[in-house]
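Student: Mapping of the sequence shown onto numbering that gives the first Met the number 0: position 126 corresponds to residue 125, and the numbering continues sequentially without gaps.
Be careful, since some hints might not be right.
Derived lysine to aspartate or glutamate pairs resembling DMTMM-like cross-links, with alpha carbons at most 20 Å apart [as the list claims (entries may be wrong)]: (1) K61 with E132; (2) K5 with E100; (3) K5 with D93; (4) K3 with D93; (5) K134 with D32; (6) K3 with E100; (7) K3 with E132; (8) K5 with E133.
Listed next, with one range per pair, are the computed distances between beta-carbon atoms [said to hold, decoys possible]: (9) W99 with L156: 35 to 41 Å; (10) I101 with L156: 37 to 43 Å; (11) S158 with I71: 32 to 38 Å.
For the record, the hints were derived by calculation from the structure and aren't laboratory data.
Treat the numbers as computed from the prediction; the structure is a model and nothing was measured.
Note that CB positions come from ideal geometry on N, CA and C, so glycine has one too.
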Amino acid sequence: MVNKYKINISLFLVSFSVFLYQICLLRIISIADYYHFAFLVVSIALLGFGISGSFLYFFTSKIKSGSLILLIFSYGFSVSIFLSYILINLIPFDSFKIAWEIRQVFYLFAYYFFLLLPFFFGGSFIGFVLYMEEKPQITYFYNLIGSAAGSILFILLVSYI
0 MVNKYKINIS LFLVSFSVFL YQICLLRIIS IADYYHFAFL VVSIALLGFG ISGSFLYFFT
60 SKIKSGSLIL LIFSYGFSVS IFLSYILINL IPFDSFKIAW EIRQVFYLFA YYFFLLLPFF
120 FGGSFIGFVL YMEEKPQITY FYNLIGSAAG SILFILLVSY I
């Protein structure tokens, strides 16, 4: 049996990290690729959460160990944050060339696929925790407080980023 206190603290930290990552990614993309592509971060986050919800819908009946799957999702989230940032910097995407080079469209899809991965793993972690709980109101509390704390931290750190 999994300790509910540890699960709630983990949920707080994952929610905190997902929201902070989303806002920081918006800032990074608005600087690197101009503001034209920054609005897609919200779409990527929603798509990642949607794919994770569909994944959980089809595969929760096959999951035997809740603690193992939470471990996989949390490691996947933390590793994919770093790997996605490294991989998008290796993709030679140039938004100015997208109108006349067809390969730039494929680079754009690869770019956003790698950015989608942390949202998939974070959404899977949050969704599976909500699936496991009998009293979701406490779980939602930790989720919302974590997201709010992530946005407040960004406001405090925005001048240093």
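Student: Holds or violated: 35 to 41 Å for the Cβ distance of W99 and L156?
Tutor: 39 Å, holds
Student: Are the Cα positions of K5 and D93 separated by 20 Å at most?
Tutor: With Cα atoms ~43 Å apart, K5 and D93 exceed 20 Å; violated.
Student: Are the Cα positions of K5 and E133 separated by 20 Å at most?
Tutor: Roughly 16 Å separates the two Cα atoms, so the pair holds.
Student: Would you mind confirming whether the straight-line C-alpha gap from K3 to E132 stays at or under 20 Å?
Tutor: 9 Å, holds
Student: Starting from K3, check that the Cα of D93 is at most 20 Å away, please.
Tutor: 46 Å, violated
Student: Falls inside 37 to 43 Å, the C-beta gap from I101 to L156?
Tutor: 39 Å, holds
Student: Against the 20 Å threshold, does the CA-CA distance of K5 and E100 hold or violate the hint?
Tutor: Judged against 20 Å, a Cα distance of about 50 Å means the pair is violated.
Student: The hint says 32 to 38 Å between S158 and I71; measuring C-beta to C-beta, is that right?
Tutor: 36 Å, holds
Student: Are the Cα atoms of K3 and E100 separated by 20 Å or less?
Tutor: This hinted pair is violated, its Cα atoms lying about 52 Å apart.
Student: Take the C-alpha atoms of K61 and E132, compute the straight-line distance between them, and say whether it is at most 20 Å.
Tutor: Cα-Cα ~18 Å, so holds.
Student: Verify the proposed pairing of K134 with D32, using a straight-line Cα cut of 20 Å.
Tutor: 43 Å, violated
Of the numbered hints given earlier, the model fails hints 2, 3, 4, 5, 6; all others are met.
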